[in-house]
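Peer 1: Sequences and hints are given; from them, build the entire structure.
Number of protein chains: 2
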Amino acid sequence: MFTFTLKKTDKFTRARLGEIETPHGKVATPVFMTIGTAGAVKAITPEEVKQLGGQMILGNTYHLHLRPGEDTIAKHGGLHQFINFDGPILTDSGGYQVFSLSKINKVTFDGIRFQSHLDGEEIYLTPEKSIEIQQKLGADIIMCLDECAPYPCDPKYAEQAVARTTAWAKLCKRAHKTRKQALFGIVQGSVYPDLRERSAKELLEFDFPGYAIGGLAVGENTGTMYDMVEITAPLLPADKPRYLMGVGKPENILEAVARGIDMFDCVLPTRNARHGYLYTSHGVIHIKNAEYKEDTRPLDKNCDCPVCASYTRSYLRHIFMADEPLAQRLLTIHNLRFYLKLMQDIRFHLQDGTFKDFYQKTKEKLKPRPPKPKKVKRK
Amino acid sequence: MFTFTLKKTDKFTRARLGEIETPHGKVATPVFMTIGTAGAVKAITPEEVKQLGGQMILGNTYHLHLRPGEDTIAKHGGLHQFINFDGPILTDSGGYQVFSLSKINKVTFDGIRFQSHLDGEEIYLTPEKSIEIQQKLGADIIMCLDECAPYPCDPKYAEQAVARTTAWAKLCKRAHKTRKQALFGIVQGSVYPDLRERSAKELLEFDFPGYAIGGLAVGENTGTMYDMVEITAPLLPADKPRYLMGVGKPENILEAVARGIDMFDCVLPTRNARHGYLYTSHGVIHIKNAEYKEDTRPLDKNCDCPVCASYTRSYLRHIFMADEPLAQRLLTIHNLRFYLKLMQDIRFHLQDGTFKDFYQKTKEKLKPRPPKPKKVKRK
Chain D
172 MFTFTLKKTD
182 KFTRARLGEI
192 ETPHGKVATP
202 VFMTIGTAGA
212 VKAITPEEVK
222 QLGGQMILGN
232 TYHLHLRPGE
242 DTIAKHGGLH
252 QFINFDGPIL
262 TDSGGYQVFS
272 LSKINKVTFD
282 GIRFQSHLDG
292 EEIYLTPEKS
302 IEIQQKLGAD
312 IIMCLDECAP
322 YPCDPKYAEQ
332 AVARTTAWAK
342 LCKRAHKTRK
352 QALFGIVQGS
362 VYPDLRERSA
372 KELLEFDFPG
382 YAIGGLAVGE
392 NTGTMYDMVE
402 ITAPLLPADK
412 PRYLMGVGKP
422 ENILEAVARG
432 IDMFDCVLPT
442 RNARHGYLYT
452 SHGVIHIKNA
462 EYKEDTRPLD
472 KNCDCPVCAS
482 YTRSYLRHIF
492 MADEPLAQRL
502 LTIHNLRFYL
512 KLMQDIRFHL
522 QDGTFKDFYQ
532 KTKEKLKPRP
542 PKPKKVKRK
Chain R
172 MFTFTLKKTD
182 KFTRARLGEI
192 ETPHGKVATP
202 VFMTIGTAGA
212 VKAITPEEVK
222 QLGGQMILGN
232 TYHLHLRPGE
242 DTIAKHGGLH
252 QFINFDGPIL
262 TDSGGYQVFS
272 LSKINKVTFD
282 GIRFQSHLDG
292 EEIYLTPEKS
302 IEIQQKLGAD
312 IIMCLDECAP
322 YPCDPKYAEQ
332 AVARTTAWAK
342 LCKRAHKTRK
352 QALFGIVQGS
362 VYPDLRERSA
372 KELLEFDFPG
382 YAIGGLAVGE
392 NTGTMYDMVE
402 ITAPLLPADK
412 PRYLMGVGKP
422 ENILEAVARG
432 IDMFDCVLPT
442 RNARHGYLYT
452 SHGVIHIKNA
462 EYKEDTRPLD
472 KNCDCPVCAS
482 YTRSYLRHIF
492 MADEPLAQRL
502 LTIHNLRFYL
512 KLMQDIRFHL
522 QDGTFKDFYQ
532 KTKEKLKPRP
542 PKPKKVKRK
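Protein sequence lines correspond, in order, to chains D and R.
Position 248 (the first sequence) corresponds to 419 in this note's numbering; numbering is contiguous.
Position 171 (the second sequence) corresponds to 342 in this note's numbering; numbering is contiguous.
Note that these hints are calculated values from the structure, not bench results.
All residues carry an ideal CB built from backbone N, CA and C; glycine is no exception.
Hints may be right or wrong, so weigh each one.
As the list claims (entries may be wrong) - Taking CB as the label site, the calculated pair distances span:
#1 D290/R to E303/D: 51 to 61 Å
#2 T174/D to G248/R: 48 to 58 Å
#3 S271/D to E192/R: 56 to 66 Å
Claimed, not checked - Below, in silico cross-link-like pairs of lysine-lysine (BS3-like), each with a Cα-Cα straight-line distance of 27 Å or less:
#4 K246/D to K464/R
#5 K221/D to K182/D
#6 K307/D to K464/R
#7 K459/D to K464/R
#8 K246/R to K459/D
#9 K512/D to K179/D
Peer 2: Below you can see the structure in the form of structure tokens.
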């Protein structure tokens, strides 16, 4: 019930145009998945995600396991029904959050022992347990439990993490029973090309319907991230989707698409919106800045989102400063549309055969600019 | 540009069906105005207010004066453009918030000196200043500056407050220049029938196009509130709208409608939503309660709101407990729809000639029920 169709590969870059088919519909790739950590996209409804061009939502197994628990969600018929989204959903394995959110965690060969960040309860997450939870959640794509090594990480530890990731992938594959769900493997190997190669090679044995590249965007510099993607993507089968986990800034996504990545997820558009950090076609706007106090222009005159159609910078700054709950929502809508429009543009230019040109122009536009000195003082 | 048409008076009660016409459209009365204190209805858009059956939004002059300031709003062309609502808007005078929000306030015969609750800045609000601000805000209905006496209040002080309210009404009327805006007077007099009568009589001299009853729902018991409404409403002209400020619970609104009130505003539906206190056709639900953890039913099976159509109690409880910003919004939509549906039902039955029956049945349904002892412990 899961297929991936590679529709086109760009002539000048490694960028790919494709289509994933799931029990909950089709997804045009490259795709950016909107994050709905605890069963809700922050401040907006799944309906709005769709209206903004979103195709897919990502749920976090760690959060959903702790609260409300997979059994409560299963009682609704699964995560789709629980959150009221009939499009495709992906859940991660829970492993990453264990490393990033739990103060105490201990990796053993069988799994990870950790404390809930909510109430300190001790939990033991094994590959089998992760799959069991994800089966109850019922997402269309589920992920193997992996060990996301920290950065920096010495080669010896990184090698152990790769070995564990392979061993766990085997156990996940064995535990995976629901054919309606596609189980993806995750390539680890930190910033070491030989380990990335080994991890990919070992996982290919299991013939997963899709592969993720994990353990990046964890602190390494951007160039290293691009290098790792450049090395790893070609090791993965051309006829299966490739998912770069947790990435990233708009420019990171563009670069990774050019290196052959099909799927992305990141908290940046939604989290940055809540902090008043807004993406526009002419650079980033910090809506708090006093310069927007009386600015009656839209956030971005080139943006087609409903917020730019109806509200001024002055209004958005006012409700942001006044801590109005509506501010989070309106700013989230704008930022998410920026990301989803970027993905639509990428797909359009891939289809059109003009991706290389688009890539080069957009790269220039997305280049971080030095802040204007006057504005910096005001912040 | 402002008219009120009294369409029907109920045969058995004093309830009235009417229509207000403003430069921004018509309003069927009795009407509940949705509160958009600082230029935003908490967590929802003006578009959603309309979709839920809302006809009118109330803005608070005190809040908007402090932030972002009436000049910023005037630069947008007024509050309608600023908040993106093309329906009728009412602004209050700012007086009430001075009394309720400012730690230090001093009433003189000319106005009120107070400190901003935001930054402690000292501000002097006079009748002329209140009108000047409200003219810049550009609402369809604006209010005279009045003195809302505290409760309890001795007759002597209440009498002084009435005298000041009359004096200020005169100054407001003189300062009021914009004919596009209708200026309403506010009857004060605390819980003293003779003072209510005197206040009404004095204000009638100014021939305002509408009258409010102020100084109620400030701590007096419900019976007293109803008595004051019952005494005051008939003192006001039948051909002008009557607005009971800051009221109230659904049952208060119903009772006040039966006593001849046409307009209402209250923070309860929106504020209670944010605290997980939800109105349903079978009583109030505290969504935090553990009993809803696995409850896959809608909040209210008799409710026609989009939240009841799409989400379970279990889901709403989960996102409320997880502090998801979406919770505030969905719960606000539900509660606001409850209020606006009540108003639609009231108008329907007034039109239909079946208000008395509806009033008696709904009164029974809205009666506060004793909490179930078991549930109270869990809270």
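Peer 1: Does each hint hold? Answer for all of them.
Peer 2: Against the structure, the hints come out as follows:
A hinted range of 51 to 61 Å for the beta carbons of D290/R and E303/D is consistent with their spacing of about 54 Å. Taken as a hint, the range 48 to 58 Å holds for the pair T174/D and G248/R, whose Cβ atoms sit roughly 53 Å apart. At about 58 Å, the beta-carbon gap between S271/D and E192/R stays in the expected band of 56 to 66 Å. Pair hint K246/D plus K464/R holds up; C-alpha atoms about 11 Å apart against a cutoff of 27 Å.
Annotation: proposed proximity of K221/D to K182/D is violated, straight-line Cα distance about 31 Å (limit 27 Å). For a cut-off of 27 Å, the pair hint linking K307/D to K464/R stands: about 17 Å separates their Cα positions. Simply put, K459/D and K464/R have alpha-carbon atoms about 39 Å apart, too far for the 27 Å limit, and the pair is violated. Distance restraint check for K246/R and K459/D: the Cα-Cα separation of roughly 19 Å lies within the 27 Å cut-off, and the hinted pair is therefore satisfied.
Proximity of K512/D to K179/D is assessed by CA-CA distance (about 20 Å); at most 27 Å being required, the pair is judged to hold.
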